[in-house]
Amino acid sequence: MSNYEPVIGLEIHVQLNTKSKMFCRCGTDYRDDLPNTHCCPTCLGLPGALPVPNKKAIQDVILMGLALDCEINKNSYFARKNYFYPDLPKGYQITQYDKPFCHDGKLVVNDKTVGITRIHLEEDTGKSMHITEKGGEEYTLLDFNKSGIPLMELVTEPDFRKAEDVFDFAKKIRQIVRYLDISDGDMEKGNLRVEPNISVRKVGEKGLPKYKVEIKNLNSFTSLKRGVEFEVKRQISILEKGEIPIQETRGWNDDKQSTYTQRIKEEAHDYRYFPEPDIPPIELKESKQAKDNTDEIYLDEIRNKLPELPNIKVGRFVKDFGITEYDAQVLTEEIEIAKWFEESVKSLKDKKHGKKVANWIITEIMGSSQYQLSGVNKLKIQPLQLADLVTNVEDGKISRPSGKEILNILLTEGGDIEEIIQNKGLEQVSDTGALEEVVKKVIVANPKPVADYKVGKKASLQFLIGMVMRETKGKADVKIVNQKLTELLG
Amino acid sequence: MINFEDLTIKRLHEGYKKDEFTCTEVIKQTFARIKKLEPQIKAFITLTEKQALEKAQEVDKRINSGKELRALEGVPYSAKDVFCTKGVQSTGGSGILEGFIPPYNATAIRKVEEVGAILIGKNNCDPFGFGSSTENSYYQVTRNPWNTEYVPGGSSGGSAAAVSANMGIFSLGEDTGGSIRQPACFCSVSGLKVTYGLVSRFGVMSYGSSLDTIGAFAGTVEDLSVVLNVIAGKDEDDATTSEQPRINYLLNLKENLPKLKIGLPKEYFTEDVDPEIIKAVKKAASDLTKQGHTVSEVSLPYTKYAIAAYYLSGISEVSANLARYDGIRFGYSDQSGQDINSVYLNSRGKRFEDEAKRRIMVGTYALSSGYYDAYYQKAQQVRTLLKQDFERKFQEYDLLIAPVSPVLPFKVGENMDDPLKMWLVDAFTVTINPSGIPSLAIPCGFSDSNLPIGMQIIGPMNSEKLLLQLANQYQSITDWHLRKPRIK
Chain A
1 MSNYEPVIGL EIHVQLNTKS KMFCRCGTDY RDDLPNTHCC PTCLGLPGAL
51 PVPNKKAIQD VILMGLALDC EINKNSYFAR KNYFYPDLPK GYQITQYDKP
101 FCHDGKLVVN DKTVGITRIH LEEDTGKSMH ITEKGGEEYT LLDFNKSGIP
151 LMELVTEPDF RKAEDVFDFA KKIRQIVRYL DISDGDMEKG NLRVEPNISV
201 RKVGEKGLPK YKVEIKNLNS FTSLKRGVEF EVKRQISILE KGEIPIQETR
251 GWNDDKQSTY TQRIKEEAHD YRYFPEPDIP PIELKESKQA KDNTDEIYLD
301 EIRNKLPELP NIKVGRFVKD FGITEYDAQV LTEEIEIAKW FEESVKSLKD
351 KKHGKKVANW IITEIMGSSQ YQLSGVNKLK IQPLQLADLV TNVEDGKISR
401 PSGKEILNIL LTEGGDIEEI IQNKGLEQVS DTGALEEVVK KVIVANPKPV
451 ADYKVGKKAS LQFLIGMVMR ETKGKADVKI VNQKLTELLG
Chain B
1 MINFEDLTIK RLHEGYKKDE FTCTEVIKQT FARIKKLEPQ IKAFITLTEK
51 QALEKAQEVD KRINSGKELR ALEGVPYSAK DVFCTKGVQS TGGSGILEGF
101 IPPYNATAIR KVEEVGAILI GKNNCDPFGF GSSTENSYYQ VTRNPWNTEY
151 VPGGSSGGSA AAVSANMGIF SLGEDTGGSI RQPACFCSVS GLKVTYGLVS
201 RFGVMSYGSS LDTIGAFAGT VEDLSVVLNV IAGKDEDDAT TSEQPRINYL
251 LNLKENLPKL KIGLPKEYFT EDVDPEIIKA VKKAASDLTK QGHTVSEVSL
301 PYTKYAIAAY YLSGISEVSA NLARYDGIRF GYSDQSGQDI NSVYLNSRGK
351 RFEDEAKRRI MVGTYALSSG YYDAYYQKAQ QVRTLLKQDF ERKFQEYDLL
401 IAPVSPVLPF KVGENMDDPL KMWLVDAFTV TINPSGIPSL AIPCGFSDSN
451 LPIGMQIIGP MNSEKLLLQL ANQYQSITDW HLRKPRIK
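Those sequence lines, one after another, are chains A and B.
In case it helps, UniProt numbering puts the first sequence at residues 1 to 490.
In case it helps, UniProt numbering puts the second sequence at residues 1 to 488.
Treat the hints loosely; a few may be bogus.
[To be verified] Sample of chain A residues facing chain B (criterion: CB under 7 Å; computed from the structure): (1) V52; (2) F274; (3) P447.
[Said to hold, decoys possible] Below, a list of computed lysine-lysine pairs in the PhoX-like style, where the Cα atoms sit at most 20 Å apart: (4) B:K234 to A:K55; (5) B:K304 to B:K234; (6) A:K291 to B:K234; (7) A:K162 to A:K106; (8) B:K259 to B:K234; (9) B:K393 to B:K484; (10) B:K234 to A:K99; (11) B:K50 to B:K28; (12) B:K234 to B:K393.
[As the list claims (entries may be wrong)] Covered stretches of chain B, as calculated for chain A (at least 3 residues, CB under 8 Å): (13) 95-107; (14) 348-357; (15) 403-410.
If you're looking for bench data, these hints aren't it; they were derived computationally from the structure.
As the structure is a prediction and not an experimental result, all values here were calculated from the model.
Glycine included, C-beta positions come from ideal geometry on N, C-alpha and C.
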């Protein structure tokens, strides 16, 4: 057991999914388009161009703050952060400084509370592509499609002690931004970027170590976890030699599964923050007053948009539908599934079948290739149909195997349950007289299992039931078959 | 021949309606005049004769087809080179933007062109507005039409000189600390610095974003009112513009003016001010008392802090606003070095003028860690006090009247060795901008040496209507604004 423990805090950048950019009218849907096709004077930093803040982006960040129990600054403002880089067209980034929209929140992950230091709003930079030609000529190409995309930055307290918690926290953040519908939260596409700040101290030591190492380019959840694990090991091995790791920014190399030095931080950069004079301070109001103009942002309107968050939903599903916590977790992983499930349950005549609906969704629907390819909203089967199907099975109108067959048809082709039952003749055979004939036939045809059963091998009964089901093409009511077999076998 | 010296928008429109001349003739003769005078005056960096003639033909077609004249139909105008004009070089007066052709129009340009105004050229100015004499321009030194040995004032010296020499009827300018009022005064034309937020800044190269205002120069207050009608109003592209009730400034000129209480702030009439200027402004005040207004001395005790608050705010913002001129995407780019830093250093080092560099350096210093609180932050606190100082005064007085400049126009080269002295030339105009209030400069006399003298009428936020009304009344009883320079 190691004597060391990591101390980790996160900086998380989330590209918001607003229709237009943070400070201009350019569209944000640039991913499949040519470079520099979603640009205007403002996001290119042309002389004279001015920023006008995107109200929806501000509302989104506040919504996130409310979801994470943050305090909201009712008087906030944008600030300029000054530095030169070719993909930063104005020579300053419009961001926030000492008055972020949200601060002092928390999120519980794996029963541990992680402090949220702040959540603020800023603009993304353009993209630099460093090219080296075969002849050795080097140059950089710039693409400003990404310049000015709204970026939410979330900073946590250094509350993490395990790579696993970092991983779970990041997934939770993704889940929440998707619940709030403010971002796609896709790490692979770069619209969710997690940058851990890692240092290591001896167990029992208090306070932050004198150095910290930031890791960049972690572009998947797996690399996030591996990157943290690698870095913690690397730092421990340095500390064990009696040395102290250098304060620096390290990149993650996915091929080598290791981190490497990217930039050694010299003395603190002076960004010369000052309030952005082109944008008046943002004043949030509690609720709408009659004389207000349309530009105002109201906290109560944002609060009303706050959906039930995953943790609370899990608890309610367990309580209301009697499902296990694990199943509730699975059903609430994505808000669309949770919604689909609830809609299905809503149309059940007999509410006690909710648990069955949950099972069907988890094992049959979520296991289907149709779901895995295109998600729950593109399914041909409707929530109401699943409710009907479950009811039919539970009421004994069709057998469970027939139910699965119908579900498969609904997933692949869609259609009407009643019609499918009619066309395929799937109505369950519950006629005892008709079934008795089949049962007798099966007994005659299978003397060995019958003999086994009679000497006490109870498992043979299952075999005989199976044979009856095969004879009836799965339409027989299993309960009646069971009953008849036991009766006839004495 | 068209008499350009008497030409106002109203007179021009009468001429169009009565078919005395066509717009094409007006534009042709305007350029003939420019060609004659421009070698002495040097008011323009770029002339747009070809586009102007094309526009003039369109205007003539409209007029011939019997369409109603729009507010600025066929009116030749110029604009300070800090305005972005689509397809026309816009340098801001700085070498770093030599050859820069914007792909878009500033909102003010778009608005005047939408109602028929015709751009004749872009005016010389101090780079990005940094200066009080137009001598800092990368391109040329503009001369005062009243005496070409003298400066036209600055930074919008080219605009003021053009209007003064009747090269175009009005000019769009930009006033951060007097850049409209001081050259208007030096060249004896009318110049309006509007309330901050009344006119969109979109598309105008920023100097000090929290101080910059877009206004205009014209020969008469009446013409200024026509232009203001067109350019005022909230703009979706400028978050600092404000929603104001729509006012027809021109119609209001004819309204009956109530008897006003006018204050003369004593801090603007000290012994440091040229006595001829004090005499002329006090005479103007007494002319106004004859119209029934009352005039008395007042005090604005915070005035002495205004210059520091102005320069600290302005140049701090400059240091960030000029960062975009990095030689990467537009304008001058020096790629002789080996790395990105040398592109920055060489482009900016070679093409920013001394005054631009001076302001970037001082502004960067003022925003640096550890100094922010003492400088920028303190300046913002002082601005709050300055605003309150004015607000209190405007509870008692309707308007204030003061000299525009403490000095008469000076000779070219006279102040170029002393940057601080040059900064103080603006002492009476920079004090207004930190408070955001409007001020209108109008001619009110001449020195014994026949150099123009001007006064400014200062009012509370959004009081342009009243400023224009009083100035119009003054121009109806005086003829200073009608005197024209004799250009050799």
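For this session: Sort out which numbered hints this structure fails and list those numbers smallest first.
Result: Result: hints 3, 5, 8, 9, 10, 12, 14 and 15 break, sorted rising.
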